[in-house]
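J.: Based on these hints, arrange chain D on the given structure of chain R.
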Amino acid sequence: DTGVSQDPRHKITKRGQNVTFRCDPISEHNRLYWYRQTLGQGPEFLTYFQNEAQLEKSRLLSDRFSAERPKGSFSTLEIQRTEQGDSAMYLCASSGNETGELFFGEGSRLTVL
Amino acid sequence: QKEVEQDPGPLSVPEGAIVSLNCTYSNSAFQYFMWYRQYSRKGPELLMYTYSSGNKEDGRFTAQVDKSSKYISLFIRDSQPSDSATYLCAMIGLQGGSEKLVFGKGTKLTVNP
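In the order they appear, the protein sequences are chains R and D. When we follow the working numbering, the leftmost residue of the first sequence carries the number 1, and every step to the right adds one. When we follow the working numbering, the leftmost residue of the second sequence carries the number 1, and every step to the right adds one.
Next comes chain D alone, as it looks inside the complex:
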């Protein structure tokens, strides 16, 4: 079993739809959870960052972490064509001195106008 599992999609939605992206993980040591957005042939850019369980909202984006279920989500409201990208979940646990950020495979999202 991989440490981080993410459905690669692809996911295609109409403009204005609510998008839900999810990851599950197996390592209970993970403490910090991130979502990165990656446009084609570009490097990933940090979109959302949360520590431990709970919700965080930033504009149209909401990140949720449920450590008891080892499950994280990213919601995009009122999706726009410019949101079309690959979304990568990532997480890190600092036990044992490792600072390795572990990524999911990424979910490719297309928002159709």
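So that you can see chain R by itself, here it is in the shape it has in the complex:
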């Protein structure tokens, strides 16, 4: 399967713990995006990378959130000191151009107890 893969698919954690999600994009895509989706809402933009450079961050990305894309390949999204409001589906997408044709992974569902 050469699509976008995300790991883990589901994470249950206690409030205050740190969690990290990994995304492996489609290999030839230089753009990688993170979105967050809560029930009944559309995906909300968090951040995006072009190669290894993080070019845009949303105000939703508080200082507890950090994303990296070392070497312009896979990416990680870390949430420190999780809060119940962080419970959501975290979606990763990649693209080979700037015109919005994003290919999404299956998402990583976070439940904070």
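Derived by calculation from the structure, the hints in this document are not laboratory data. We treat Cβ as the ideally placed atom computed from N, Cα and C, and that holds for glycine. Accuracy of the hints is not assured; some may be wrong.
[As the list claims (entries may be wrong)] Anything over 12 angstroms on all C-beta distances counts as not near chain R; from chain D, calculated: (1) Phe61; (2) Ser73; (3) Val111.
[Stated by the list, open to error] Okay, the calculated beta carbon distance ranges per label pair: (4) D/Ser28 x R/Thr38: 23 to 33 angstroms; (5) D/Arg60 x R/Pro70: 25 to 35 angstroms; (6) R/Ser66 x D/Ala17: 41 to 51 angstroms; (7) R/Gly96 x D/Asp78: 37 to 47 angstroms.
T.: Using the frame of chain R, we list chain D on its own:
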């Protein structure tokens, strides 16, 4: 006012019906318009992609963009139970260097056999 407005439904139709899904938007800088389909607990998948105003047809699906009215539509002909999903409109404008794809809330569609 949100940048992209989409009626969340839910919408329930009998098999074979013509379905019309719509979004309005406020940002005149949007240039590329997309429809994504999202099955339950899955990531969104790109369904239709159009640039600027006009129509695009792909099988049973037709996407329409009217930039003068800031209104986009997706029509599904001869709807099938397998079309039951949430449909998300999305759009992007590249002015100012932003590559943020903005989504609507999604419309949940159920096609009854």
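J.: Against this structure, judge whether each hint is valid.
T.: Evaluation of the provided hints:
1. Phe61: holds, 16 angstroms
2. Ser73: About 17 angstroms separates D/Ser73 from the closest Cβ of chain R, which puts it past 12 angstroms; holds.
3. Val111: Since the minimum Cβ distance to chain R is about 20 angstroms, D/Val111 lies beyond 12 angstroms and the statement holds.
4. D/Ser28 x R/Thr38: 23 to 33 angstroms: Taking Cβ atoms as reference, D/Ser28 and R/Thr38 lie about 28 angstroms apart, which means the hint holds.
5. D/Arg60 x R/Pro70: 25 to 35 angstroms: violated, 43 angstroms
6. R/Ser66 x D/Ala17: 41 to 51 angstroms: holds, 47 angstroms
7. R/Gly96 x D/Asp78: 37 to 47 angstroms: violated, 32 angstroms
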